[in-house]
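Assemble the whole structure, with the sequences as input and the hints as a guide.
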Amino acid sequence: MPLSNEIMAELRKDYIYNLMVKGEREDGRTFDQYRDITIDTNVIEKAEGSARVRLGDTLLVVGVKIQPGTPFPDTPDQGVIITNLELIPLASPVFESGPPREDAIELARVVDRGIRESGAIDLSKLCVTPGEKVWMVFIDVHVLDDGGNIMDAASLGAIAALMTAKLPAKRFDLGEDSPVPIRDVPVAVTAVEVGGSIMLDPSLNEESIAGTKLTVISNQDGCLSGMQKSGVHPLTTEQINYIVDNAIEKAKELRQKFLEI
Amino acid sequence: MSKPEKLIENGIRLDGRKPDEIRPIKIKVGVLNRADGSCYFEFGGNKVIAAVYGPREVHPRHQQKSTSAVVRYRYNMASFSVEERKRPGPDRRSIEVSKVSREALEPVIFEEYFPRSAIDIFVEVLQADAGTRTAGINAASIALADAGIPMKSLVSACAVGKVDDTLVLDLNKDEDNYGQADMPIAMTPDGKITLLQMDGHLTRDEFKEGLEMAKSGCMAISEMQKAALLEKYSGQIGGDAVE
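Residue numbers (my numbering), protein chains in the order written: chain A, 1 to 261; chain B, 262 to 504.
Read the hints as simulated data drawn from the structure, not as lab findings.
A portion of the hints provided could be inaccurate.
For the chain B half of the interface with chain A, some residues (derived, Cβ under 8 Å), not all of them [said to hold, decoys possible]:
#, residue
1, Lys360
2, Gln458
3, Phe468
These numbers come from a predicted model, not from an experiment.
We put the CB at the ideal spot given by N, CA and C, even for glycine.
And the structure:
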């Protein structure tokens with residue numbers, strides 16, 4: 001990193017830290033407040049399901065493609081979910097072309113775990129012929145503008161797209177089209193730790209100076225289905241419990257507001 | 262093997278452990294000649310070996326940082342380490358494991374002592390039996406100390422999970438495959454958490470309790486790590502000249 005970037009980072013850190021001490025954030029939010037969210041579904045007609053998510057300055061599109069395929073040998077009667085996310089150079093001056101790097105892989109795998117581990121999709125209902133043919137659900141996240149907290153935006157987009165997705169049975173001569181069997185609505189809530197304080201939904205600047213992010217994914221029943229700490233700064237048990245409590249509450253709120261069926 | 266009917270019977274797990282018991286651990290420090298520091302770590306059926314090189318020059322040079330060392334961590338599974346042969350080389354899982362493992366160790370390393378240099382940690386999983394990332398972190402932490410890298414403390418890692426609606430420490434392979442939740446955790450001896458991942462299904466209270474269980478597991482491992490390092494190095498301190 002050129003030195004000027006490091007100096008800028010220090011200045012930014014100072015600025016955000018000083019605000020934080022006063023209990024403020026650069027965009028005037030409270031520590032547990034999300035930026036404005038808009039979710040539009042069915043924005044891509046060719047996809048079986050899709051969602052465009054705006055979370056503050058962050059913009060991304062999630063497309064769900066579904067097609068028949070062969071099941072994995074160890075789960076012959078279950079459908080397959082494959083999640084992909086790329087940080088393409090269109091979305092930020094610091095993203096580069098080439099194979100996904102660890103941050104993109106981490107994002108994709110946490111979004112995937114949220115959908116998978118929460119049991120959001122009833123995979124047994126995605127089986128057409130056991131051992132031979134099952135539905136393969138491809139969730140592809142296209143980040144278009146990185147304004148921070150891609151994780152939560154991508155998770156919201158993934159479940160929103162799935163909730164509107166259809167199994168294209170007719171096209172493959174497998175009967176009538178039907179909705180993807182949704183059982184749960186997992187919501188990811190990400191917090192950052194800055195100078196000992198915890199803030200939800202970090203903006204790009206907050207994210208860039210934060211020591212640590214913690215993503216907490218919870219289900220409709222208020223239970224946890226996934227978690228990921230990311231970043232080098234350690235967290236205390238108290239901080240983690242505080243984040244988990246807040247994340248579960250916030251997830252309820254977001255689910256009610258944006259993901260009610 | 263297919264799913265066993267019960268993973269816990271009368272409070273005892275299939276491998277004979279109590280819910281809050283970790284698997285046997287074997288540690289050997291300084292097992293490699295070329296590496297600056299190394300450690301062989303057995304954690305139940307896991308056999309992992311960690312090597313540390315550095316501080317040394319950074320290649321490629323654009324990765325170097327002007328105010329601190331870069332720490333790099335490569336977690337790799339041998340193709341023969343699992344039941345079904347694993348395709349050699351990095352996959353998405355091992356890239357993620359490498360990232361979170363590096364971040365689990367970085368907080369204890371005095372990176373600012375070595376600007377423009379690299380500290381490379383290589384972890385090779387020779388045999389996998391659930392909990393390879395925690396075994397890798399435990400091994401790497403010792404290998405860093407063995408390499409003489411200045412550290413604030415060791416890091417210890419251990420998973421906690423849920424099987425048959427019971428919280429259990431340090432999942433084995435069946436418990437990992439058929440359990441309801443898995444939560445690997447790494448921490449420093451003063452209880453700061455440096456790695457936290459979770460998947461599955463846990464209530465708030467189970468999570469809190471699990472965190473405490475993981476803590477006790479990590480503390481036990483921490484003592485063993487210390488003992489292993491002392492065993493190798495205590496003879497070299499003082500020595501005949503003082504006696």
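Against the structure, the hints come out as follows:
1. Against a cut-off of 8 Å between C-beta atoms, the interface hint on B/Lys360 holds, since the closest Cβ of chain A lies about 4 Å away.
2. Annotation: interface hint on B/Gln458 holds; nearest CB of chain A at approximately 5 Å, less than 8 Å.
3. Interface hint status for B/Phe468: upheld, as the beta-carbon distance to the closest one in chain A is roughly 6 Å, under 8 Å.
In terms of the numbered hints stated before, the structure departs from none.
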